[in-house]
Structures are given as C-alpha cells and as structure tokens.
Amino acid sequence: MGAKTFPDRFPVVGVGASAGGLPAFLALLEHLPTRTGMAFVLVQHLSPQHESALPELLARATKMPVLEVTDGLTLTPDHVYVNPPGVSLTLDHGTLRLGPPASSAQGLRLIDDFLASLAEQAPGRAMGVILSGTGSDGTRGLRAVHEAGGTTLVQEPTSAHFDGMPRSAVASGLADHVLPPEGIAVTLAQLANLDPLAPHARAPGALPAPVLPEEGLQRVFQLLREARGVDFTHYKPSTIHRRLERRMHLAKMEDLGAYLGYLEVHPEELELLHQDLLIHVTSFFRDPATFEALQQKVFPELFQGRPSHLSAPFRVWIPGCSTGEEVYSLVMCLMEYLGAAAEGAPLQVFATDVSGTAIEQARAALYPESSVSGISPERLRRFFVRTEGGYQIHKSLRNVCIFAQQNLASDPPFSRMDLIVCRNVLIYLGPVLQKKILPIFHYALRPGGFLMLGTSETVGASADLFSLVDKRNKLYRKKNMAPQPHLTFTYRESLSERPPHARRKLEPGVTDMDAQKEADRLVLARYGPPGVIVNEDLEILHFRGHTGPYLEPLPGVASLHLIKMAREGLALELRSALHQVKKNASRVRKEGLTVSGGERQRKVNLEVHPLPPTREAGHCFLVLFEEAHDVLAAPAHKGPRGRKHASREPERDLEQERLREELLLTQEHLQTLAEEQEATTEELRSATEELQSSNEELQSTNEELETAKEELQSTNEELITVNEELQNRNLELSQLNGDLNNLIGSTHIATVMLSNDHRIRRFTPMAEEVLKLSAADIGRSLREVKLALPLPDLEAAVTEVTEKLGVIEQEVRDGTGHWYSLRLRPYRSQDNKIEGAVMTLLDIDRLKSSLDESRRSREYAKAIVETMREPFLVLDAGLHVINANPAFYSTFQVSQEQTLGHTLYTLGNGQWNIPQLRHLLEEVLPLNKHLRDFVMEHGFNTIGHRRMLLNARQLSSETTGVQYILLSIEDITRET
Numbered sequence: 001m002g003a004k005t006f007p008d009r010f011p012v013v014g015v016g017a018s019a020g021g022l023p024a025f026l027a028l029l030e031h032l033p034t035r036t037g038m039a040f041v042l043v044q045h046l047s048p049q050h051e052s053a054l055p056e057l058l059a060r061a062t063k064m065p066v067l068e069v070t071d072g073l074t075l076t077p078d079h080v081y082v083n084p085p086g087v088s089l090t091l092d093h094g095t096l097r098l099g100p101p102a103s104s105a106q107g108l109r110l111i112d113d114f115l116a117s118l119a120e121q122a123p124g125r126a127m128g129v130i131l132s133g134t135g136s137d138g139t140r141g142l143r144a145v146h147e148a149g150g151t152t153l154v155q156e157p158t159s160a161h162f163d164g165m166p167r168s169a170v171a172s173g174l175a176d177h178v179l180p181p182e183g184i185a186v187t188l189a190q191l192a193n194l195d196p197l198a199p200h201a202r203a204p205g206a207l208p209a210p211v212l213p214e215e216g217l218q219r220v221f222q223l224l225r226e227a228r229g230v231d232f233t234h235y236k237p238s239t240i241h242r243r244l245e246r247r248m249h250l251a252k253m254e255d256l257g258a259y260l261g262y263l264e265v266h267p268e269e270l271e272l273l274h275q276d277l278l279i280h281v282t283s284f285f286r287d288p289a290t291f292e293a294l295q296q297k298v299f300p301e302l303f304q305g306r307p308s309h310l311s312a313p314f315r316v317w318i319p320g321c322s323t324g325e326e327v328y329s330l331v332m333c334l335m336e337y338l339g340a341a342a343e344g345a346p347l348q349v350f351a352t353d354v355s356g357t358a359i360e361q362a363r364a365a366l367y368p369e370s371s372v373s374g375i376s377p378e379r380l381r382r383f384f385v386r387t388e389g390g391y392q393i394h395k396s397l398r399n400v401c402i403f404a405q406q407n408l409a410s411d412p413p414f415s416r417m418d419l420i421v422c423r424n425v426l427i428y429l430g431p432v433l434q435k436k437i438l439p440i441f442h443y444a445l446r447p448g449g450f451l452m453l454g455t456s457e458t459v460g461a462s463a464d465l466f467s468l469v470d471k472r473n474k475l476y477r478k479k480n481m482a483p484q485p486h487l488t489f490t491y492r493e494s495l496s497e498r499p500p501h502a503r504r505k506l507e508p509g510v511t512d513m514d515a516q517k518e519a520d521r522l523v524l525a526r527y528g529p530p531g532v533i534v535n536e537d538l539e540i541l542h543f544r545g546h547t548g549p550y551l552e553p554l555p556g557v558a559s560l561h562l563i564k565m566a567r568e569g570l571a572l573e574l575r576s577a578l579h580q581v582k583k584n585a586s587r588v589r590k591e592g593l594t595v596s597g598g599e600r601q602r603k604v605n606l607e608v609h610p611l612p613p614t615r616e617a618g619h620c621f622l623v624l625f626e627e628a629h630d631v632l633a634a635p636a637h638k639g640p641r642g643r644k645h646a647s648r649e650p651e652r653d654l655e656q657e658r659l660r661e662e663l664l665l666t667q668e669h670l671q672t673l674a675e676e677q678e679a680t681t682e683e684l685r686s687a688t689e690e691l692q693s694s695n696e697e698l699q700s701t702n703e704e705l706e707t708a709k710e711e712l713q714s715t716n717e718e719l720i721t722v723n724e725e726l727q728n729r730n731l732e733l734s735q736l737n738g739d740l741n742n743l744i745g746s747t748h749i750a751t752v753m754l755s756n757d758h759r760i761r762r763f764t765p766m767a768e769e770v771l772k773l774s775a776a777d778i779g780r781s782l783r784e785v786k787l788a789l790p791l792p793d794l795e796a797a798v799t800e801v802t803e804k805l806g807v808i809e810q811e812v813r814d815g816t817g818h819w820y821s822l823r824l825r826p827y828r829s830q831d832n833k834i835e836g837a838v839m840t841l842l843d844i845d846r847l848k849s850s851l852d853e854s855r856r857s858r859e860y861a862k863a864i865v866e867t868m869r870e871p872f873l874v875l876d877a878g879l880h881v882i883n884a885n886p887a888f889y890s891t892f893q894v895s896q897e898q899t900l901g902h903t904l905y906t907l908g909n910g911q912w913n914i915p916q917l918r919h920l921l922e923e924v925l926p927l928n929k930h931l932r933d934f935v936m937e938h939g940f941n942t943i944g945h946r947r948m949l950l951n952a953r954q955l956s957s958e959t960t961g962v963q964y965i966l967l968s969i970e971d972i973t974r975e976t
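For the record, in the sequence shown the residue sitting at position 609 is 609 according to the working numbering, with numbers rising by one throughout.
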C-alpha cells in the first residue's frame, strides 16, 4: 500500500544540514531567486532545550517568507519552512506534520525521515539537498529521492565547514550534482524553469502512466541496446518512465523527441541514463531475518553429508549483486556457520550484475563508514580492514568471491549451483523477463538446491518448478522436474527450433546402452500397465505408458497435478490411496473402480507403490492403472415390456451393489479427510505454540528496547549537558571576541593579519591610517592592494616567514621621511598550525630622532674632550675609567689598554692611589657635586713629582639615571 501523493504539482526542495549548516543555508538563500515556484523545507539538528533563532537569521538572507513549521501547515510555493527544535518532521498530502519529541538516536535521522516522506509524497518532484554536517544523516533520504525519480544535490565537501554528511552522500553515488551552496542555488533556479511532470497531472496515488510516446521509447531502447548491450523493453514500465522523465528533467527538456536528439549526439548522457535505469539498492545484512534463515534452514541441509574434497565445492550464485554488500554479507554468514572448517572448505561464490561500474566497486570492496554503521563490532574486527577512506573487506572473503558482468536475460547462466540468492531484482522486470529468468534459475540449481528471492517477490507462474520452504523469507527448493521445453539461451539456437534435417545431423550417435534403454521403454509402454510417478505434492514427474484413458488435462492454466488430471471416478480413490500409502508406507490396491470416459464406463484397478526417497526428489510414489476384464455397457434401449420386466430385478441388484461400493468409497474418503483434518489441527496447535513462544521472545525484545530507551535517555541528558557547556563556552568566546575587538580598536600599533595566500584577513584602525587601507581590501591579495608605505619585498618576506617560521624586522621610511619598524612573524592557530603571517608597523620616528640627536651629542662631546690640552678622564660611579683624552695618555705615559676599564686607583701600578684624591672623589665630590681648582701634589714613578690642579664634576644621565664623574687635571708644577 502506497501513501497518496498530494495533487499540487510544484517542486518541493528538502534541504538538510547539521553542524556548520547556518553559513551554508545563508549562502544558498542569498543566491536563490525570489520567484522559483518551489517550496523549500530546511531541516537541521537543533537542541530541543533552547529556542531556535534560525528563522529570524535566515529571513535576513532572502525576500521569501521564512516560517517555522507548525503541525498541519500547508506547503506554498516560494516559501521557506524551518523545522522547530526537538521534533520530527514529515510530509503528508501537502502538509507538514510534526512528530513527538525525538530522542538522540532518532534525532540523527531527522533528515532521512523527511526526505523519505518527501520522496513518497512527491515522486518525480522531490529534490533533496545535503549541506554541511557531521555523521551520515541524509544519505538514506537521498536514496529514496533518487529511487523516486527526484533530483539530488550535495554540497562540495571542500566548501563545507563539516564534511561528514556531504562526503557520505557523495560516496553513496546518489548525487546528481556536487556543488558549493552558491552553485546549488543556481542549479535549482535553472531547474525551476522546467515542469518535472508530464503535460497532464497524474492521479493521486496512481502509478506513473505510460504518457511517453511508444515509438520514442522504442528508439531509446534501441540506443541503449546498441550502446550498452542491454534491452530494457520488458522492464517495468513505471520504472522506465520515472527514470526517463528524471533524466529529461535534469537535461532541461520536456519533449521526448528533443531528448532523443540529445541522446544521439551526447553519448555521456546515454551512459547516465543507462546507470539510472540500473537501480542499485543494497546494504550490508539488509533484512537480517533472511540471513538467519540461511544459517538455520539452508546451510545445515546443504552441508549435511557433503563431501569435503575439492571436487565438490559449495557453489552460490548471486545475480544482481550491485556493489557487493549483499554478496559479502552472505559470505560472512557462511564463514560464521562453518566456523573453523571454513579455512579448508571449497567455496565458490559467483556474483554478477549488468552494471560494469557496480562490479568494479564490488571487486574493490571499499566502503565508507556510513555503509558499515549497522555491522556489529565483532564482524568489523573479523571481516573488515580499516583504511583511510573507510573499511575494506578482508582478503580471505574477497578470494572466495568471483565478480562478473552478466545480463540475466541474454547471457548464459551458471550451473550446478547449491544456492541462488536473487533479491529485489525481479520487481524491476516485467512478466516476460520473469517467465524467462525463473526457469533459468531452475536449470542452474542442482537437484535439491535452494532459491532465495526478495520479500516482495514470488516464483509466480513458475510455481511448478519450485516448492516453498519458508514463505516469510521467500525460500524455495528446486523440484526434480525436467527443464521446460521452451528453455533456451540466446548464445545458441534451441534444438527444437531447428528444422528436422538439421536436427538429425546434429544428434550424436546412438550407443548400445541407449538402444537397450529404448527397447525397455518400448516393452514397458506396450506390455506394462500405464502409470505415473508423482512427488509428495502429487505433481507428476514422469508418465509411463498410455495414460490417456485415466488422466486428461483440464482446460485453463496447464497443471501436472495428479488429482486435477484424474478422470471422473478416480479422484477420490486416488487421494485416499495416496494418503494410506503416505501413512503406512506400504502398497495400496483398489479394484473395480468405475471410470467414466467416452461413450462407456469401464472398471479400473488402481495400485499405488511407495518409492525409496531420493536426495533430489524426496518421497515419490508410483501410481499404476490396469483395465478390469468386466466392462459395463452403456444403458440399453428399452425393449418390449416383458423383456424389461424380466431384467429389472438383476439390474436392481447391480444398482444396489454399485451404490454400496460408492457408499464405502465415500466413507473411506471421509475417514481420510478426518485424518487429514486431525493432522492439520495438530500442525495448527504446534504453530500456535510457536507463536506463543515468539510472543514471549517479542516481549523480551520489548523489555530490551525499553532498557535501550532508558540508556538513550541517559545519553540524551549527557548530550544536553555537553550542549549547555558548549553554549557557555560560546558566551565566553563572544565576550573574548568583544574584548579582542576593543583591544584592536584602542591599540596605536598598525597591525595587519595575512592568510597563507597573502590575502588580508584583518587590520587595526592604525593600519588603516598608516597604510591607507579600507574595509573593501579585506580578502584581497597584497599584490592587488596599493599600500601607502613602499614595501617592495613584502610578499617574499611573508613567504619566508610562513615557510621558515622565523621573524623578520626592518626599519622602513615613508615618502615624508617618517620612520617605522616593520616586524613580520608567523600566525599560529590554537592547534599550532601556521595559517599566515602578522605584520606590525611601530612608529619609531621620535626614537629615531632622539637616537640621532644622542649620537650627534656624543660625537660633539668626544670632539671637545679630544681637543683639550689638559689630561681629562670620564669615570663611572665605581671610578672605572670610561674615557680618557690623548693629553692624559701622553702626560702620564700610559696606553689606552692600560687605562680604559680599570679603576683609577689601579692605574700605573697603583700610583694613582693618592689619599687626597680618594678623599676628593669619595667624600667631597658626592656632597658638593663639583670641585674647583683643588691643588694636589704627588710623586709619580714615570714623570716624577708633580703639582696638579684638579677640577671635577658629577653628572647624571636623565634617560638612564647613570652617574658619571668628569675629572680634568692641569699640571702646575712649573708655575710654582
């Protein structure tokens, strides 16, 4: 039962996002036209504990009305709808429905749930968009949209803040377009100009009608057949039409004739159409109950008593294998069943598909994390190897599987298969192909082999070839019947279709054993009693002799059921005899049965023999017919009255005897029915007990689910706590951001932050003043910006800083002569990654001027000291000689090396250690700050006794606070 679709024909766009979705939403809406004729539904993972401001934020980016969804809100074109936090959102007949508050596990599937309902409600008109986010939510929803003939668009992972959801969607192969949000908006605007439906609306809930011209369809099939070798003529029309309309919509064409012309000149579009028609819907362990049925019912029976030598490998065929998930799932189950014996067991798993692309993916056996999310950790550790892109199937499993490209309808099948698993392939094929493929499966299976179909598939008209083993899991066993006469393979001509003379030429020579068998057949046919061999289901397997007088086919659908073919008078006795043979396992004979046929009635004897059971056919029975000698003539015409009266009494006796026999037969038949009813009652009682047991198991499962629900509730509470912490951190970050902005605004240092590609990211107000930058320069490269300060090697310096991680400092000068100190250093992120460079410009013009003035003062003072004729010394606070003029060196006959850096008292081997001088410098000078014309006499070793006039002054530096002593010495010995 499918849900009814809503009658409005405008497209509906479902947009899903998670973390980092707000910037993507804004970019998408900013580039969307106001009038597209589409309705946009935005679904994002939101915290249920906080009110959402998403509608207000999005309303600033578009002129379309932005509404928060309320339950029962009707969709309207050119409107934007946003999901409220803490609820699930689905589409129902044109209205948006809100579900109960979702738990954390359900919350991760919010986008999948909405897109799935959108695909169901608006097939062909649904558009799914996946934007930034973590995890894999949305991938399954895109699959539903894709299968319903809709359009799928995914944000380019490199442009997303969080690429988990986009990468999962791209890896699934379901994306029609992979673009940044701006490109998605442009594509949606282009698609808005086309009507995705046929010229007339389809009836709500009805399957797509064959509105495309039949002649055009046949031409499309011809192009596909010539290009790819696949004939889609007998595929399901609804699938063909839906997929073809989808490709026409994506190619922006509404007319099939125009699309045909486009196909003829664009082979790449023909390949895309071919891939679209080959629907690949698969996953690991899809419908787990079916794999449990294989382990519990099929594998034990197939491996029971099976030889272990290499001449009898266990063979499995999986047609329509798609990208291999189901193949490897079956091999995993097989390995788990065999256990330690799997290492030496000869296994052959043949997996085929008509799509070469799918086969290549299956051979590679590489799957993203979203594909293996439902697999247990034990199976992941045992059967998978972790790779950079996800998981790869272990080599031991890949060695068992043989993948090949094969067309079920035209290529020859495999043979001697123990098991064929063909799930959800027949649902896409028409009756013609189904009637052709199922007999091929029967031919490919060895006697007693099993066939597994999808949950929505049956053997249909081929029920006479297979017996049902498990109705729920669609397990069938091959019946031991000869291949149907019309079973042919396209790689060779059928022998029955050749002319008689050709058949005679091709028939092999007859051997002696063949002649003996033919002779036995002729003798049995002529002298032996006619009969049939039937199986447990009373299906006729072989005819022996001429059975026409006893069996005849019924009008209508052909059937080989024995009871249905029995002539009048035999059906009840046949059923009763077969029931007795099944019950007692011994021969049963019935004599004198009256059979109607032709113009007379005949007496027939009936024998039923049990045959030894075989592995291939199970229990079989031989039914023999023989003609009794007394034949009842047809009723005679009335003669003379006397003769009639004479023969009335014997006829009455015969009639009573016949009625007595019929009564006995009826009683035996009733007894048989009663026994069958008792057996059926016993089976129903057993089934009831099994149902009660299943009910208990379901009750236990329900308790486990309740426990899991409590655990999920606990996890949800933890997530809420984490969310609150994140919100507090966001508040702190907001405050820090405000502090940073104020700090940058108040600093008087010109600072510019550059990215790795030399683009300006941010600058301070001082940099705006010094370098003449403006807000329009943010995002521009340095080579595109004309700076007010000449910095010719700036780009090379930035590259050197980011590559060598060093610091560059240099002094630069503007055109007016103003000096700045330029410093470049790497920009390091919090995780210590280099993401650009920081350039600072410090105004050092005043410092530069002060330094120049100080330098000039020093040079001036030095020149004065050096031109003085009297000895002159400059001492520090510790009385170390800092400087001395040439007059001092020549007067006292000392060198510069012996003087500078030494204390005054140690000069000339201590000859300057004069008590008067020490008293002058250490006691008098600190008090008076200066000393004038102090006379001192002293005998020097080198120049003799001298009378000297000393002048000293204490000097302090205003900038550094260092104290100096200036000491001049005048020799006045001659004057005295």
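These aren't lab readings, by the way, just hints derived from the structure by calculation.
Honestly, I wouldn't trust all of these hints.
[Said to hold, decoys possible] Now the in silico label distances, taken between C-beta atoms and shown as ranges: (1) Q190 with E768: 46 to 54 Å; (2) K804 with K395: 27 to 35 Å; (3) F303 with E706: 34 to 42 Å; (4) K395 with F303: 47 to 55 Å; (5) F303 with L659: 50 to 58 Å; (6) T134 with A340: 36 to 44 Å; (7) E697 with E657: 26 to 34 Å; (8) S854 with A796: 28 to 36 Å; (9) A776 with E809: 41 to 49 Å; (10) E682 with A461: 28 to 36 Å; (11) G460 with R60: 15 to 23 Å; (12) E657 with F303: 52 to 60 Å.
[To be verified] Listed below are the simulated EDC-like cross-link pairs for lysine to aspartate or glutamate, each with C-alpha atoms no more than 16 Å apart in a straight line: (13) K582 with E697; (14) K63 with D92; (15) K583 with E536; (16) K833 with E769; (17) K590 with E668; (18) K436 with D464; (19) K582 with E675; (20) K582 with E607; (21) K772 with D814; (22) K582 with E655; (23) K848 with E870; (24) K603 with E536; (25) K590 with E626; (26) K786 with E800; (27) K236 with E254.
Given the structure is predicted, the values throughout are model-derived calculations rather than measurements.
Note that the Cβ used here is the ideal one computed from N, Cα and C, for glycine as well.
Okay, the hints, checked on the actual structure:
no., hint, result
1, Q190 with E768: 46 to 54 Å, "42 Å, violated"
2, K804 with K395: 27 to 35 Å, "45 Å, violated"
3, F303 with E706: 34 to 42 Å, "39 Å, holds"
4, K395 with F303: 47 to 55 Å, "24 Å, violated"
5, F303 with L659: 50 to 58 Å, "57 Å, holds"
6, T134 with A340: 36 to 44 Å, "41 Å, holds"
7, E697 with E657: 26 to 34 Å, "60 Å, violated"
8, S854 with A796: 28 to 36 Å, "34 Å, holds"
9, A776 with E809: 41 to 49 Å, "30 Å, violated"
10, E682 with A461: 28 to 36 Å, "33 Å, holds"
11, G460 with R60: 15 to 23 Å, "59 Å, violated"
12, E657 with F303: 52 to 60 Å, "58 Å, holds"
13, K582 with E697, "36 Å, violated"
14, K63 with D92, "27 Å, violated"
15, K583 with E536, "12 Å, holds"
16, K833 with E769, "30 Å, violated"
17, K590 with E668, "12 Å, holds"
18, K436 with D464, "14 Å, holds"
19, K582 with E675, "12 Å, holds"
20, K582 with E607, "13 Å, holds"
21, K772 with D814, "12 Å, holds"
22, K582 with E655, "33 Å, violated"
23, K848 with E870, "35 Å, violated"
24, K603 with E536, "27 Å, violated"
25, K590 with E626, "10 Å, holds"
26, K786 with E800, "21 Å, violated"
27, K236 with E254, "22 Å, violated"
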